[in-house]
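One line per chain: the protein sequences are H and A, in this order.
All letters in the first sequence, in the order written, are residues 1 to 146 by the numbering used here.
All letters in the second sequence, in the order written, are residues 1001 to 1500 by the numbering used here.
Treat the hints as calculated values from the structure; they're not laboratory data.
For clarity, every value in this text was computed on a predicted model and none was experimentally measured.
Just so it is clear, CB atoms sit at the ideal spot from N, CA and C, and this is done for glycine as well.
Some clues are possibly wrong.
[Stated by the list, open to error] Not the full set, but computed from the structure, chain A residues with beta-carbon under 7 angstroms of chain H:
id	residue
1	Leu-1177
2	Ile-1219
3	Arg-1409
4	Val-1410
5	Gly-1430
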Amino acid sequence: MVKAPQDFWSGLAFLGAGLFISISAWGYPAGTAARMSHGYVPMLLGYALCAVGAASVVRSFLVHGAPVSRIALRPMLPLAAVIAFALLLHPAGLVVATFALIVISVMAADRFRPLDILILSALLIPFNWIIFVRALGLPLPLLPWG
Amino acid sequence: MDLVTHLAHGFSIAVTPLNLTYCLFGVTLGTLIGVLPGIGPAATLAMLLPMTFSLSPVTSLIMLAGIYYGSQYGGSTTAILINTPGEASSVVTTLDGYQMARRGRAGAALGVAAIGSFAAGSVATLVVALFAPPLSSVALSFGAPEYFSLMVFGLMGAMVLASGSLLRSLGMVLLGLAVGLVGPDINSGKLRFTYGIEDLFDGINVVVVAMGLFAFAEIVANLEHGEKRETFTKAVRGLLPSREDLKRIIAPVLRGTAIGSLLGVLPGGGPLLASFAAYTVEKKVADDASRFGQGAIEGVAAPEAANNAGAQTSFIPLLTLGIPTSATMALMLGAMTMQGINPGPQVLTKSPDLFWGMIASMWIGNAMLVILNLPLIGIWIRLLTVPYRLLYPAILVFCCIGLTSLDNRVFDVHAAAVFGLAGYLLFKLGCEPAPFLLGFILGPGLEENLRRALVLSRGDPSVFITQPISAALLLASVAMLAMVVGPAVRKWRTEVFREG
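Same shape as in the complex, but just chain A:
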């Protein structure tokens, strides 16, 4: 079978000593930053990107991907032991995981989280291997109108599913699109928004934006809240769940995997939404919903399966369409571009080594993570006792060195500080950074495809609704918007009428 040959080829690439080493390094670092609250995968990817220039594209992407899904494992440890999500996507795990820990079942909770994540990760890897090739062959026939509508759909998803106000997310997307255009115009090479500043003549690097928004601004926001932690690290034993536990979690893990795989593909979806949805579903199907929040084992297994599955399948739109669905995926796209790979449907045909090697490495990485997270759990628990006040100066130092080495200039450090300040102020105003970063990364592509589509149609904008695929994508965008705005408008009207 084709799939088997491809996967075998992928494994032959992923198991070279170099790739295995970097895969291990990636998942270990991912677990580390997953365990530590206050630093996320987006900031870590931004920090490591400049150091990957010397690696081959496959090796660097294997490592960067490992950081991302590794952080999903690590995040649950923190959620269970100290009732704080180590990673945003393990928020739900705090509900029942911490309760299990308080009832002396921390070991079982950690074990279930790791086993559920591994099962989900293995299935989701297969989902990527099965669904990415057909999707990418469909995408090969896409022209400029289809790509334009696809990007609109992606940005709309990121806006609609962002947690804040829709209007503010729209503002952030537009702002990101505009900042993405700084530098030379792709068609004419003419400079835009550079104001005579020579360091802007090549545009702004995605690492600069991501470090400012996701590392610097986040540190400022964390410091403002102050540090209050109650660690639950005393007695963690009995990591292997009982047979009864295992029997109980089979169905929740399968449901979580299905939900996670599906939501991971959607723009703006990803692991966070997947884990929430999985938890809600478990609560609905349980015979006794009151157990949830009191240490229900299903409430740990399903969301953990879902967030890991979602982390894997969010690679599908990136690898087949070149569309990132989250801030972390935007950085993966940045990494591919910097390595000279044009993300999109041609990745599969032009760089099959990269595609299949990465997929195989995901399975290997998941296996490594189970080992890292079960027998070695003691090390990660000890890490939780490192106070944040010793962490953030170290993060700042690594960020600064990474920024300096991007282009061998300190301008990027200053620019990231500006993004950090702007990010913090916008955070104060309830504006999220993820829609901005997606707009930033998609800005040039959106403009290019809009211009190309309109050249071909001689300026007739109806080309976007007469082409069936493009029309369907735009219709889906409008439907998504209507679902969210509908109730909001109604609520707003009642509020206004109540006032009047």
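Next comes chain H alone, as it looks inside the complex:
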């Protein structure tokens, strides 16, 4: 029985990452300790990560530890908002991308408040234009295909 879910799952994550790194590192020449090639250190890191992961998994069966709280999806909306910004910036420009980011990220709050979208858009879109595009001269497209 798993007694420490945090140790168990983080152990699996480290083990997975360690295996991935080790396998990638096998594709690079390792060389010898005296003349290391670029695969040597990645290989060591991969093995060490596997060892840490395995130790953590073993430990999770022996010692009681903290549980993993439920992973909620709504708080992750800001990440989706950021990706939407990145996808929209070049085809649609800064104004549309910022607006999309605001709309999606506002939906992550405990309840939906349309007024927040208005307030944030009214503040941030002109601010972006004045500070980043005009004052700092960042090469950002402002409007679609602009």
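Once you've looked at the hints, dock chain A against the given chain H.
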């Protein structure tokens, strides 16, 4: 005297109108993000880094440093008034600071925090000026084995002093080291871990990692907890502490400064640990320990002095050895590298303007902070009424624009989102992001020095224990580990035996 000439030179650089302006901008922004819970100095530094490319190295570092120690001042305001640390390092201040506020002494608590921080900041600045030059001349003689062991020591400190499980911190360090190697190998230029993705051919920028882990992941974690705040902003008056208060805090401020200056230098130490240690010491030396937690003025003065002193002296290892001791210092190192300055002992000799200018600016910045935090306290209090639900979308917008302008591509925004997701999931599993970021920033240096040391010793690893300085550093690392693992192993054994 040498020190006086150097400091005078530093002041002559720090007081140019441009540098003064950016120093003021930095400390104001630092106070702002210190006051606002939910955004820390690491995320802010990451946000501003891309905007500093057009500034000179001195000016940009003066501003970035100002954000860091400015946040130490701002954090206490939130801790005292709403019982929430505005900054992680002001957690302890909530204990007695909020109690003072509840007893109608919010003004005195804020005043003591600002005065204690200023006194500590001034002394700690002098500590940096006094101790950094000799340390950096010692470090000039360091070779590859010494640097390797120094980095191991630094990473070990970050692991041992992290609050979570040691095994998980070790995993995070190793993962960070590996991610730090993405891109071209320093020696051969051969690509590693790029999997044909062209945008990875130059490696991953530290800003991308820091924004993902410290801005995006943090916002997701904050949203999950929801917002519950009880603001204590009604009656804040009488900011100047009474003469009796001042007499009472002299010794605690001095003790806090000493503890903070010392712990700030240690890897993984920094302001947070310093403030906890200072509080514990005050409780030990007090005649009546039961006053603590009930609004004891010493319980505000000492930790606030300690966290500010620690914030200043954590620049010593960065400026003299090129070793960052915290996530924020890792970003400062990133800023220096992006400005074309190689952090390490040669900074002092090659860029004395930068070194002394920054030190002088710290003193000026601390003086500005007292003014910002005492007469202007009303503005910061009003800021506390801005709800988080209006803040995080704005933070996201600024992060995205910063990321896009790093290399003029949206790939970095996507990459930061990936780090944000990974950071949130790892946070759920009890893994802290700071050891990862330190591993990430030290990865290439650790590898380079390991390889160089072993080339020189013809593959003989005993070079790390036959060189005295390297051996001492490794021994210290092992001792640090033993201190933590010792009791843990014993506890584990008793638990296992109880089960069996």
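Consistency of the hints with the structure:
no.: 1; hint: Leu-1177; result: holds, 6 angstroms
no.: 2; hint: Ile-1219; result: holds, 5 angstroms
no.: 3; hint: Arg-1409; result: violated, 9 angstroms
no.: 4; hint: Val-1410; result: holds, 4 angstroms
no.: 5; hint: Gly-1430; result: holds, 4 angstroms
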